[in-house]
Amino acid sequence: MKIKYFILLFFFISGGIVASAQSSGIDRYFEQYKDDDRFSQINVSSKMFGLFVNFELDDPSEQELVEAISKLKGLKMLIGQDVANVSDLFNQVAKLPAADMDELMSIKDGSAEFKFYISESDGTIKELLMVGKESAQLILLSLVGDMDLQQIAALSQKMNLEGFEHFQNIDK
Amino acid sequence: MKRLVFLLILICFSVCALEAQSKVVKEFEENAEGYKFFAYQSMLRMLNQQQDPDFNKLIRDLDHIRVVTTDSTGTNAMTAFKRLDNGIQAEGFEEILTFDNKEYKCHVYEMTNKKDKSTWVATFFMYGRAGILEMVGSLDIKYLNALANLNMETLKSLAPELENMDWD
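Chains C and D supply the protein sequences, listed in that same order. As numbered in my numbering, residues 1 to 172 make up the first sequence, in order. As numbered in my numbering, residues 1 to 168 make up the second sequence, in order.
Worth flagging that the hints you see were computed from the coordinates, not collected in a lab. Computed from a prediction, not measured in an experiment: that's the story for all the values here. Accuracy of the hints is not assured; some may be wrong.
List time: in silico SDA-like cross-link candidates among lysine to any residue, alpha-carbon distance up to 20 Å [what the hints assert, rightly or not]:
| # | chain 1 | residue 1 | chain 2 | residue 2 |
| --- | --- | --- | --- | --- |
| 1 | D | 102 | C | 64 |
| 2 | D | 142 | C | 66 |
| 3 | D | 142 | C | 110 |
| 4 | C | 158 | D | 145 |
| 5 | C | 34 | D | 94 |
| 6 | D | 142 | C | 139 |
| 7 | D | 82 | C | 30 |
| 8 | D | 57 | C | 71 |
| 9 | C | 34 | D | 101 |
| 10 | C | 34 | D | 83 |
| 11 | D | 102 | C | 82 |
| 12 | D | 142 | C | 58 |
| 13 | D | 142 | C | 60 |
| 14 | D | 142 | C | 61 |
| 15 | C | 34 | D | 102 |
| 16 | D | 82 | D | 33 |
| 17 | D | 142 | C | 64 |
| 18 | D | 142 | C | 70 |
| 19 | C | 34 | D | 78 |
| 20 | C | 34 | D | 95 |
| 21 | C | 34 | D | 86 |
| 22 | C | 34 | D | 144 |
| 23 | D | 26 | D | 82 |
| 24 | D | 102 | C | 38 |
| 25 | D | 102 | C | 33 |
| 26 | C | 158 | D | 144 |
| 27 | C | 34 | D | 26 |
| 28 | D | 102 | C | 36 |
| 29 | D | 102 | C | 37 |
| 30 | D | 57 | C | 51 |
| 31 | D | 82 | C | 31 |
| 32 | D | 23 | D | 83 |
| 33 | C | 71 | C | 153 |
| 34 | D | 82 | C | 33 |
| 35 | D | 36 | D | 71 |
| 36 | D | 82 | C | 32 |
All chains, full assembly: derive it from the sequences and hints.
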């Protein structure tokens, strides 16, 4: 696990308030692996994203992105390294969101597999969940807020998060 | 990369002015035998060797920054980190951002008082040390880009423990 995740997530995160908003039963995995040395976790609260409300940039496209970030209410990420039974764990975790979220997209490329789920209300995406595996790495990402697909695609281009780059495909 | 972490932590601390100092921070500083760094605004201005006016605007409402670490390593440092972290939570600070893995841990907290003023504190465990970062005052986030011109060599000379960090 590189410190780069820490940095990138600093920008885009949201958490404590998030905990109550995030769904899909995925939270128990964040709790389960909290003290497991193989796993790294990042939580960011809505207050962190709210800091970007005060950001003023000259570039309109960058400003648009900042405004999208300021609408985020939480981000949680769990990254497991050297997970021996990664495929079993991936299949187990990927089943969970099916009950209360819509599967948006899945990507399989060699040993890598990523599934994206969303919770939607009145045309607004309230939560995006990514479950992925690559080699012996397991990745869970939960993003909560008021978002649309274009904004998420734009965020995925700027957030250099493992697996999240696949979401750029939604924009094509 | 760690330079970016440092900048992002500053973003966390930039919105609200601080009033009260955490008792946990104060007690930790009194007892810690590791590295202690304390800088008033006037000292931070020394980093601005290029005399960038935006940097001075950035820190004009900043009172001081305090960094305190343990000198212990391994298990003792982790115990100290957990004690610090629990202490901050027990004081009623709100968790804003956390990053945890086996090598690095950093938790950022905030507390807002009745006057809508906030106190921001970060607890961290890295390089075998536990520590705490407290910033009193506020940064004007509009001038955050001024940090890009900051002379990090000067900062390193002020804080020798930062020499080993990879700032790229």
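*asked:* I'd like to know which numbered hints this structure contradicts. Please list them from smallest to largest.
replied: 1, 3, 6, 8, 22 and 27
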